[in-house]
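Working from the sequences, and respecting the hints, build out all of it.
Chains E and G, in that order, are what the protein sequence lines are.
Numbers given in the numbering used here equal positions in the first sequence, counted from 1, plus 168.
Numbers given in the numbering used here equal positions in the second sequence, counted from 1, plus 1.
I should point out that these hints are in silico values taken from the structure, not numbers from a laboratory.
A few of these clues could be false.
[Said to hold, decoys possible] Chain G stretches covered by chain E per the calculated footprint, using a threshold of three residues with CB under 8 Å from any CB of chain E: (1) 6-16; (2) 103-113; (3) 148-161; (4) 180-187; (5) 193-203; (6) 253-264; (7) 390-404.
Just so it is clear, CB atoms sit at the ideal spot from N, CA and C, and this is done for glycine as well.
Here are the chains, one letter per residue:
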Amino acid sequence: MTMAVTKLRVEEKLYQNRYLVDPGRPHIKVRPHERPSANLLALTHICPAKCYELNDKGQVETTSDGCMECGTCRVLCEASGEIVWNYPRGGFGVLFKFG
Amino acid sequence: MIEQEFDAIVVGAGMSGNAAAYTMASQGLTVLQLERGEYPGSKNVQGAIMYADMLEQIIPDFRDDAPLERHLVEQRFWVMDDTSHTGMQYRSDDFNEAKPNRYTIIRAQFDKWFSRKVRQAGATVLCETTVTELVRSASGKVIGVRTDRAGGPIYADVVVLAEGVNGLLGTRAGLRKMPKPESVALAVKEMHFLPDEVIEQRFGLQGDEGCVIEAAGTISRSMAGLAFLYTNKESISLGIGCLVSDFAQTMESPYVLLDNFKNHPSIRPLIAGSEVKEYSAHLIPEGGYKAIPQLFGDGWVAVGDAAQLNNAIHREGSNLAMTSGRIAGEAIIEIKGRNQPMIRRNLALYKTMLDKSFVVKDLMKYKDMPALIHTNSLNFFMTYPQLMSQAAQNFMRVDGTPKIEKEKATTAAFIRARSRWGLISDVVRLALAWR
Ligand SMILES: Cc1cc2nc3c(=O)[nH]c(=O)nc-3n(C[C@H](O)[C@H](O)[C@H](O)COP(=O)(O)OP(=O)(O)OC[C@H]3O[C@@H](n4cnc5c(N)ncnc54)[C@H](O)[C@@H]3O)c2cc1C
Ligand code: SF4
Numbered sequence: 169m170t171m172a173v174t175k176l177r178v179e180e181k182l183y184q185n186r187y188l189v190d191p192g193r194p195h196i197k198v199r200p201h202e203r204p205s206a207n208l209l210a211l212t213h214i215c216p217a218k219c220y221e222l223n224d225k226g227q228v229e230t231t232s233d234g235c236m237e238c239g240t241c242r243v244l245c246e247a248s249g250e251i252v253w254n255y256p257r258g259g260f261g262v263l264f265k266f267g
Numbered sequence: 002m003i004e005q006e007f008d009a010i011v012v013g014a015g016m017s018g019n020a021a022a023y024t025m026a027s028q029g030l031t032v033l034q035l036e037r038g039e040y041p042g043s044k045n046v047q048g049a050i051m052y053a054d055m056l057e058q059i060i061p062d063f064r065d066d067a068p069l070e071r072h073l074v075e076q077r078f079w080v081m082d083d084t085s086h087t088g089m090q091y092r093s094d095d096f097n098e099a100k101p102n103r104y105t106i107i108r109a110q111f112d113k114w115f116s117r118k119v120r121q122a123g124a125t126v127l128c129e130t131t132v133t134e135l136v137r138s139a140s141g142k143v144i145g146v147r148t149d150r151a152g153g154p155i156y157a158d159v160v161v162l163a164e165g166v167n168g169l170l171g172t173r174a175g176l177r178k179m180p181k182p183e184s185v186a187l188a189v190k191e192m193h194f195l196p197d198e199v200i201e202q203r204f205g206l207q208g209d210e211g212c213v214i215e216a217a218g219t220i221s222r223s224m225a226g227l228a229f230l231y232t233n234k235e236s237i238s239l240g241i242g243c244l245v246s247d248f249a250q251t252m253e254s255p256y257v258l259l260d261n262f263k264n265h266p267s268i269r270p271l272i273a274g275s276e277v278k279e280y281s282a283h284l285i286p287e288g289g290y291k292a293i294p295q296l297f298g299d300g301w302v303a304v305g306d307a308a309q310l311n312n313a314i315h316r317e318g319s320n321l322a323m324t325s326g327r328i329a330g331e332a333i334i335e336i337k338g339r340n341q342p343m344i345r346r347n348l349a350l351y352k353t354m355l356d357k358s359f360v361v362k363d364l365m366k367y368k369d370m371p372a373l374i375h376t377n378s379l380n381f382f383m384t385y386p387q388l389m390s391q392a393a394q395n396f397m398r399v400d401g402t403p404k405i406e407k408e409k410a411t412t413a414a415f416i417r418a419r420s421r422w423g424l425i426s427d428v429v430r431l432a433l434a435w436r
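Laid out in structure tokens, this is it:
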């Protein structure tokens with residue numbers, strides 16, 4: 169399946185959700201790198217909100233607006249220092265209506 | 002700035018934190034509970050089956066006003082391949098009792114209700130507050146917390162870490178390690194809304210009766226995983242989860258698995274015409290007994306998912322969370338009653354009490370399961386489901402082949418796929434881990 173199709177599919181899903189985005193304060197950052205590790209690369213497929221994407225230089229970038237704060241990327245990539253992960257400030261981030 | 006010093010600070014207003022805060026506040030302890038979400042439940046995801054017994058021990062009359070969806074009278078276990086499911090089903094009118102045993106709930110609503118009870122019991126609950134750090138004394142005892150609100154630290158005799166599976170505080174303070182990718186599952190879930198009479202018709206239910214389906218098989222594409230479909234009053238919760246280590250290896254996308262599950266011919270008619278109102282994701286601790294970290298120390302205890310107290314085999318988590326929260330609260334009350342300090346030696350009482358409960362006993366029983374499932378996921382989640390489907394179809398399809406030949410073909414298919422020795426060893430290993 170092409171990336172564009174899956175992206176659309178996730179966006180449709182995330183569209184149902186409520187978020188309070190903290191502008192200018194992303195809670196996840198990717199450390200600058202030449203080549204992503206296997207785990208970092210895997211995040212472009214396995215992040216349930218598709219927050220990670222490959223840029224045209226083959227590096228992984230993140231936009232955490234749709235993040236559901238599950239922690240999968242933290243479990244895979246925090247220890248190696250490839251990403252920095254913090255909870256959004258109190259009240260911000262995803263707001264599940266049902267959960 | 003909060004000047005008061007509390008008997009206890011509880012971090013998190015999920016199942017375990019609410020149980021701990023309620024238990025302590027209702028016995029007169031001064032309790033401050035901090036929750037990062039806008040309201041309790043806004044960050045929490047569950048299937049969700051709630052087990053009455055464990056809540057009853059905390060709030061005996063919870064049925065009077067708790068937001069309960071349906072009480073369960075039927076459970077289906079399905080082994081699925083791409084076009085079929087082979088199932089076991091249990092339904093009993095005995096479950097239509099005065100005090101039913103299991104209910105479906107919707108976490109955001111349930112957590113708000115539980116939090117109201119915590120406030121009524123006398124605790125101070127502050128939402129929209131992320132705890133950023135534990136404060137320690139010169140000797141290293143945890144004596145309070147710092148938050149992202151203005152003002153200095155807040156102090157307490159003991160801090161209850163009820164921060165859930167992705168608990169940053171405990172791991173950053175070095176109290177426990179971050180969960181390993183092979184001991185947590187990533188689950189995605191959707192809420193599908195349908196009129197209640199449609200749900201009742203499709204599942205053969207009356208009134209508040211409910212039905213749940215647990216499913217495994219090729220839907221997880223050879224990863225160790227489980228899918229579920231639970232009936233609520235006017236909605237259906239469904240989702241699928243697999244180990245994070247398997248996701249990282251296969252690079253399967255969770256939302257693709259979810260959509261495949263929804264489109265499976267056995268599931269599609271059950272949710273036809275529904276309106277999807279939410280998509281969520283959350284981790285589930287699956288490491289079992291061997292993954293339980295240190296549970297107490299000087300000035301702190303860890304409860305619920307933060308302590309990996311989750312029984313993945315039976316899909317129980319909220320009840321272990323509630324029970325560990327309650328027991329931690331009771332241990333703290335006991336220590337306070339003796340006028341003893343909240344130090345490691347005394348807080349060991351929490352673990353002693355927890356070891357005697359079903360929480361640790363159940364996890365102990367299945368201590369070898371997580372490793373077995375993790376290392377054999379291809380057989381358990383791909384090969385066997387396909388074989389079972391073939392065997393069932395072979396049994397049912399009437400096509401003039403003599404029965405004896407049909408049986409031989411089924412046996413041969415199992416042996417071809419796993420070899421005689423492989424079959425025997427799978428059965429033995431499964432039996433040993435289950436014992
Ligand atoms: C898809 C899915 C299905 C499940 N199905 C079932 C089921 O059917 N039955 C069952 O019994 N269990 C089920 N579980 C497991 C169950 O949801 C958990 O075991 C249970 O929620 C654990 O409760 P807890 O209080 O330990 O953690 P949580 O409910 O996760 O609560 C942790 C709380 O702490 C807060 N928090 C975290 N860090 C901070 C901080 N630094 N500052 C302030 N607040 C903080 C969070 O916002 C959250 O409210 C399921 C789980 C999932 C993901
Ligand atoms: S926390 Fe979960 S949803 Fe958020 S970016 Fe990481 S993997 Fe994606």
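- Item | Violations among the numbered hints, reported as their numbers in ascending order | Violated hints: 1, 5 and 7; rest satisfied.
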